Amino acid sequence: MTDTSAARTLEEAVPLGLIPTVFQPRLEALSSAKSWMGWAGYQSAVVIENMEFEYFAIRNQSTLFDVSPMHKYRIQGPDAEAMLNRMMTRDVRKIRPGRVGYTLWCDEEGMVIDDGTLFRFGPDDFRLCCQERMLGWVLDAAWGFDVQVTDESDTISGLSLQGPTSFSILKDAGLDAAAALKPFDLAEIEPGLWISRTGFTGDLGYELWMKNADGLALWDRLWDAARDWGLKAIGFEALNLARIEAGFIAAQVDFQPIHSTLRLGRGRTPLELGFERLVDFEKDHFNGRRALLQQRQKGLRTHLVKIELGGFKPSNGALLYHRKTKEVGHVTSGAWSPTTKRNIALAELKAPYGGQVQDDLWAEIYVHEEGQWDRRLVPVTVQTSPFFSHPRARATPPRPF
Amino acid sequence: MSNTTQNFDAVIIGGGHNGLTAATTLARKGHSVCVLERSSVLGGMMSVGGAEAPSFTSRLAHLLYNLNPKVERELGLRLNARNLTTVSLAPNGEHVEIDGGKARMMDGALHPKAVAFATLQTRLQRFATLLSRLSLRTPPKLSGSWTDPETFGELMGLAGIGLGLKGMGKVEMREFLRALLTNVHDLMVDDLDDGPLAGAMAADAVRGSFSGPKAPGTLFSLLYRLGNGANLRAPVGGMASAVAAFEDAAARAGCVIKRQSAVRSVLVQGDRVHGVELDDGTVIHAKAVLSSIGPQATINLAGIQHFDVEIARRAKNLRAKGTAGKLNLLLKARPEFSGLPAPLHQARLLIAPSSDYVEHAFNPVKYGSFSEAPTLEILLPNAHTPETPQTLSAVVGYMPHDPPGGWTDALRTKAEQQIMAVLEAYAPGIGDRVQHSELLTPTDIQTETGAAGGHWHHGEMGIDQILNVRPINGMAHYQCGVEGLYLCGASAHPGGDINGAPGRNSALQALKDGAL
Chain A
1 MTDTSAARTL EEAVPLGLIP TVFQPRLEAL SSAKSWMGWA GYQSAVVIEN
51 MEFEYFAIRN QSTLFDVSPM HKYRIQGPDA EAMLNRMMTR DVRKIRPGRV
101 GYTLWCDEEG MVIDDGTLFR FGPDDFRLCC QERMLGWVLD AAWGFDVQVT
151 DESDTISGLS LQGPTSFSIL KDAGLDAAAA LKPFDLAEIE PGLWISRTGF
201 TGDLGYELWM KNADGLALWD RLWDAARDWG LKAIGFEALN LARIEAGFIA
251 AQVDFQPIHS TLRLGRGRTP LELGFERLVD FEKDHFNGRR ALLQQRQKGL
301 RTHLVKIELG GFKPSNGALL YHRKTKEVGH VTSGAWSPTT KRNIALAELK
351 APYGGQVQDD LWAEIYVHEE GQWDRRLVPV TVQTSPFFSH PRARATPPRP
401 F
Chain B
1 MSNTTQNFDA VIIGGGHNGL TAATTLARKG HSVCVLERSS VLGGMMSVGG
51 AEAPSFTSRL AHLLYNLNPK VERELGLRLN ARNLTTVSLA PNGEHVEIDG
101 GKARMMDGAL HPKAVAFATL QTRLQRFATL LSRLSLRTPP KLSGSWTDPE
151 TFGELMGLAG IGLGLKGMGK VEMREFLRAL LTNVHDLMVD DLDDGPLAGA
201 MAADAVRGSF SGPKAPGTLF SLLYRLGNGA NLRAPVGGMA SAVAAFEDAA
251 ARAGCVIKRQ SAVRSVLVQG DRVHGVELDD GTVIHAKAVL SSIGPQATIN
301 LAGIQHFDVE IARRAKNLRA KGTAGKLNLL LKARPEFSGL PAPLHQARLL
351 IAPSSDYVEH AFNPVKYGSF SEAPTLEILL PNAHTPETPQ TLSAVVGYMP
401 HDPPGGWTDA LRTKAEQQIM AVLEAYAPGI GDRVQHSELL TPTDIQTETG
451 AAGGHWHHGE MGIDQILNVR PINGMAHYQC GVEGLYLCGA SAHPGGDING
501 APGRNSALQA LKDGAL
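Residue numbers (this note's numbering), protein chains in the order written: chain A, 1 to 401; chain B, 1 to 516.
The following block holds chain B by itself, in its conformation from the complex (with noise of 0.2 Å):
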């Protein structure tokens, strides 16, 4: 047991690339900061695993499409990315490529919704980019008088957004207010039939939440996706070069990284932190912590005597039910996709071929079963070669975090079945190339994580639970009551995904509530 003491001006718990940014941010203007990961390896959602995993390059997260471009220019992130359309499969061969606004047939033909959906997607992309404005700072309080600085700061950039609001016109103002709460079943529909095309919108809205497109609110988790312009990347040589381009960021900006170094408690003195203890009994001194470890973990850390009922109260009943799985497939050989291009294997492929089918993919998991037909997005990262290594990787909707008895291994191999056979339906043959294949349901993702529910955002992005309620009302504005204890994670505002805004947007808080 190592006893010894180190000083830095922050410490963040959590080398996920929301730690790792909100690291970076600190460090590039001049602070001394350490990066405190439990694991042997960084990324958090974007992990690969530690050297007991099989080697997927993208074990968890797979994709970048909601990469906050300021984020992502302020850290100087050097990705290599490749931009990826969409194909929504469809059981009868009649998939559809979505590019951007355009929806194509197989054969280069307009799809016949072609012109709605090119209106709906101008039309949601306006909508997400004036609420993605919201996204870059830290949600409103509005608590003082509007003479107060701070308050009519706040009431300033809220403003903009109104300007913003009135400035698109009396008619798309007036949609923009209907469809904000509204579920993203009904918009779609009532612009596009159901089909591939509508349940490739509703796959993109619900994943990873515990809640079926019919539900309120859903729309408001599309706009959220499509906030920083809905451009898929897919970084070359998978996330493991994403991981290693946050690591490089973090690195130049003079960040001390420690992997294999858990938090065992946070130090809070007269209402305080001062720093953190580990495992190891090596205390790290700080003056400002920054967790990205979500808000019971960190409640958990520092001691619940620290905070007030209310707050653990929420904390505890934080929604945060995880429900995307991911399964990934060594392949023998590259597979095949029945009526797909050759080229369109390296797109984003998507088996959600109507809103009706994501909802009932959706119903099991409420009773903590899981669905005979799910959604998936998958990812054939080597389909540009014939040559092997072959791998799938597909993100599985919906895995139930807690079935009744666990997810015994009995109940593994038959989701894995119900998944695999979903697959041959669409690419025939495909099981017989499976070599090696991996099924992480959410609850290994909380395990290996440390994400509460094994949670895709470390938390439900319902409308209770977003912007000053996110992750809960108390602890919204990435301050967390003890003075210098700040959360940093996807849990706290915007929210999830590869976004990195959580974590520039906590570092910016504790700057500029002088606690570093």
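One chain only, chain A, in its complex shape (with noise of 0.2 Å):
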């Protein structure tokens, strides 16, 4: 008797198989697909119902991915901003209290070790939201600060609203506050529910988080208000092609975090991934300074960047070329662009290609069709801006669609 309530405390506390979110009951029922996958624990959608329809909702209408799997790690105190301006490269303390800043951090080395979003809620509040899972790193950054850590990956929600009628639909729910809200800014729109026009599509967009508790009413109440809007609920793959489109990169794919890598030389620094801007060399000691002082006097070991394809056979993993004959680097991220009509990639280039030299540059793409391969070789031209931007994604107050 006392074995089968110890068994099933432990089924409790340590669930076997993947973990629902909170929003699981709603995804549960709108999926024709049937297409999950593991997402840091949790049960997450690759497709819902159809990838084509989900794409072209991010882009024509609005639609809502859940992204409570993301790591949330809340840091407070009154050394915060000091303890998050040594562990990031850039200056935290231009990120202003109702502000989100896009951040990396690196080792000792210089090395990212991952990428993520800081919200700023107050003058000693933050919270970082990353892809890798942290603790232990944010643990080991706050020892020796005056800082709470805790970790609020499981009891945080939260819901991305991307498409041009997004801010339509939360003033059709009521929440017409985030009318106000420019690009990367943060509020607390109702009580316990904190909205930032942030996202992970180049488009208009909000991030909605709020209590576990609270989730599945808000989802209900978005899902109310869009009926004449098109709201469209979404897995991953819709969602990769969309930021592929605004030429953002994802940890694991365009870059490898440093703490999961074991063969030397694979981490990247921010320099390499082409983030300069966000590496202030001017502020006070960062994590990693050192090291990427040095780089920069030495020279960087390879380029990410942007990259347009001929042709309109997806690349990715194919291989670069210059001059046809010598191999210089690899896609990481590629994509036929629906919207732009272009052949787009995130490619990692050997330096000087990517960098200095950039003229002469070819992909070879496999392409497979009914049991035959096709090798293609096709001009490549490196890109600076993204493939995707529309002016409504920074008009404030928002258009209606």
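The hints are simulated quantities; they were obtained by calculation from the structure and are not laboratory data. Treat the hints with care, since some could be wrong.
[Stated by the list, open to error] List of simulated lysine-lysine pairs, DSSO-like, C-alpha gap at most 30 Å:
id : chain 1 : residue 1 : chain 2 : residue 2
1  : B       : 113       : A       : 350
2  : B       : 316       : A       : 283
3  : A       : 283       : B       : 141
4  : B       : 170       : A       : 298
5  : B       : 113       : B       : 29
6  : B       : 141       : A       : 298
[What the hints assert, rightly or not] Far from chain B by the CB rule (all over 10 Å, computed), these chain A residues:
id : residue
7  : 29
8  : 87
9  : 93
10 : 141
11 : 192
12 : 256
13 : 300
14 : 317
15 : 355
16 : 394
Since this is a predicted model, take the numbers as computed values, not measurements. Heads up, the beta-carbon is just placed ideally off N, CA and C, and yes, glycines get one too.
Build the complex: two chains, separate frames, hints provided.
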């Protein structure tokens, strides 16, 4: 008898398999694809219905994506700013309360540990959202500072509402106070509901953060308000295509977080990922600063760049060549962009290619069609601006669509 | 509060022997140097304590047996010390006198294993001499390409050691590589029966460390101690006179020495040190700051925000649990050890009757308690005369650094009684002769000297904390990341004991970096 109760307790404490997020009951009901994946231990949708429909909803109406599995670390206390400023490459002091900043952090050798968004609720109150599990590292970075670190990954839920009609949905849901939010602004629109004008699509969009218990009610509220505006629940695949169009990098894909690499030299510095503007050498010491200074002096090993390719076949994994002969890099994320009608990709090239040398670059794309492999050599041009960019993403107050 | 400002080329934090060595080394190259000592007396681990402390002339460390000869020469130390032999005491009276490679019984006859011991000692001495070549240079970084001048220099240094290794011949080289990381116990009992002779070697290998002789890597710490010739020397007049010699060398070189000058913070701006601020508000500007107080304390003084997260974590996790305590006795009359001829009372006396005994003495300390049968390294500084005052100075192994509930008076009394019981067994009647006693636990040593964990070597001399990871990876080349800030104490390479090489090497590294 005691045994049974002990077993039940254990199962409750350590659930087997993927954990449903608070939104899983709604996602489950909407899902016809039944295509799920694990994301940080949670059940997460790859596709809800159809990847193409979901992608076009991002660009033409609105979408809801469950971002609850993101790791969320609350950092509070009198030294919170100083602690984060020592951890991050950018100057955290410039992120004012009520703002969100995209940021990277490095190990002592200047290698990127992860990137993420830093939410500043108040002078001494931050939340770091990121892809990789980071509690141990954040605690190490906090040691010696007067701060309190709380892992909110399992207590705070998040919904990403993205698309041209996303503000109209908020408005009809009674959350029109979000009208004042400029990109990267953050505000507590209702008690316990924080909304930030952030996202991973490069378009108009918001992220909504709440306690787990409030999650389903908010979902239903948005869903009810969206009747005239078009709202689709989406999975990872559609979002991934949108983020490539926006030119955003993804951990484990476009760079390898240094703590998850075993082999020497697989880490990358923020400079190599093209984020020199997010590295503030003028502020006081930050983790990896000395190594990054040295690298800036000695030169980068690689360049991560946006490229456009000839043809229309997605280039994921393609090798890149200089003058069609010398192998100089590879595509890290490639896709045909339906909105811009371009063959686009993020690619890593060995320096100086992609940096000083940008001409005469080629990609070798392998295409598999019904049992037959074909190889195409297509021209590559390096791009400096995002593939997809729309003024509605920045207009404040936002347009209705 | 005096808010005066002063300028020096270099400031040294801590007036222990390494701090004074670093100061003298810099001053002799023509730099202005200021040594800042928190307490009222110099010496660190050699210190005899302030006015409140009872007058024992060797209150903490009591021997010079690993002082680097080059340091002694370069500093021009005026030391008056006598050479000692060692007697490893046996409970049955069959003591063994160890004099270099010779092992004799009390009647002058050779120890039954004297030949094996001489061979072993010669071999260990040869290994130690080879390794000691590493002591007088910054550990190799080997981070650059071999064409890089610094890396090339390091490679040449290592090549010298490699050639030395080759020069020993195939059999010896193989033995060196086999033995280097092994434990001292196995090596001893392979060649010597486990008894006072093996016990003496085992005790010397682990004195001050958080390991028994059966732990891997303990042979290395023995080799470290043999690296400077294994000459045992006791300064005439106790360690107080050795402190005076270091101070004298520093003064002659022109160093300014300030006592009762505790540093509140190391001033850092733009990733460079600018000096220090004292507790009384005095600011002393300097181009370089050399700190002998260990990585964690140094980080705390400069501010943790100036250091990388990994460095701070490693400093926090530095293995530094002190296990050596010190018992000082003031005696009414000269003690008499059973079966020990009168002249040999002037030797270094070891109570470590077997390697197993040493291992068993270590076991309780793992759990924060204290052995009923501790190892002792005893000196009787006035044994040459029957006159008083007579004192006994003993380094006690092993004492826990953090017993559960702390070092209460009751626990101290109990520990002292246990040590006295061991002494009584070897020197009957000694208890009745005690006039005054003082027991210093690792906790007391930490309080008095600032050494992390009260550790004899300011940090365990384990294989994970030597050479280019001493004290920690990222701070192993005396540099701390912040420009102009250096570690110069025993926590740095090559390590502990009254050695001086950390201070000297650190000063030379600062000069090489152009920090001054």
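Status of each hint after checking the structure:
Taken as a hint, the residue 113 of chain B and residue 350 of chain A pair is broken in the structure, with Cα atoms around 66 Å apart against an allowance of 30 Å. Between residue 316 of chain B and residue 283 of chain A the alpha-carbon distance is near 26 Å, which keeps this suggested pair within the 30 Å criterion. As the CA atoms of residue 283 of chain A and residue 141 of chain B are separated by approximately 29 Å, the hinted pair is consistent with the 30 Å bound. For the suggested pair residue 170 of chain B and residue 298 of chain A, the alpha carbons sit about 43 Å apart, so the restraint of at most 30 Å is broken.
Restraint check for residue 113 of chain B and residue 29 of chain B: the C-alpha separation of about 50 Å exceeds 30 Å, so the hint is violated. This hinted pair checks out: residue 141 of chain B and residue 298 of chain A have alpha carbons roughly 18 Å apart, not beyond 30 Å. The claim that residue 29 of chain A is not at the interface with chain B holds, since no C-beta of that chain comes within 10 Å of its own (minimum 45 Å). For residue 87 of chain A, the requirement that its beta carbon stay farther than 10 Å from each beta carbon of chain B is not met, with the minimum near 7 Å.
For residue 93 of chain A, the shortest C-beta to C-beta distance to chain B comes to about 13 Å, beyond the 10 Å cut-off, and the non-interface label holds. With a least CB separation of 5 Å from chain B, residue 141 of chain A falls inside the 10 Å interface cut-off, contrary to its annotation. Chain B leaves residue 192 of chain A outside its interface by the beta-carbon criterion, the shortest separation being 33 Å against a cut-off of 10 Å. At the 10 Å boundary, the C-beta of residue 256 of chain A stays outside the reach of chain B, the nearest C-beta of that chain being 18 Å off.
No beta-carbon of chain B comes within 10 Å of the beta-carbon of residue 300 of chain A; the shortest separation is about 18 Å. The beta carbon of residue 317 of chain A is kept farther than 10 Å from every beta carbon of chain B, the shortest such distance being approximately 32 Å. For residue 355 of chain A, the condition that its CB be more than 10 Å from all CB atoms of chain B holds, with the nearest at approximately 22 Å. The beta carbon of residue 394 of chain A sits about 35 Å from the closest Cβ of chain B, which is more than 10 Å, so the claim that it is off the interface holds.
The structure does not agree with the numbered hints 1, 4, 5, 8 and 10 stated previously, though it agrees with the rest.
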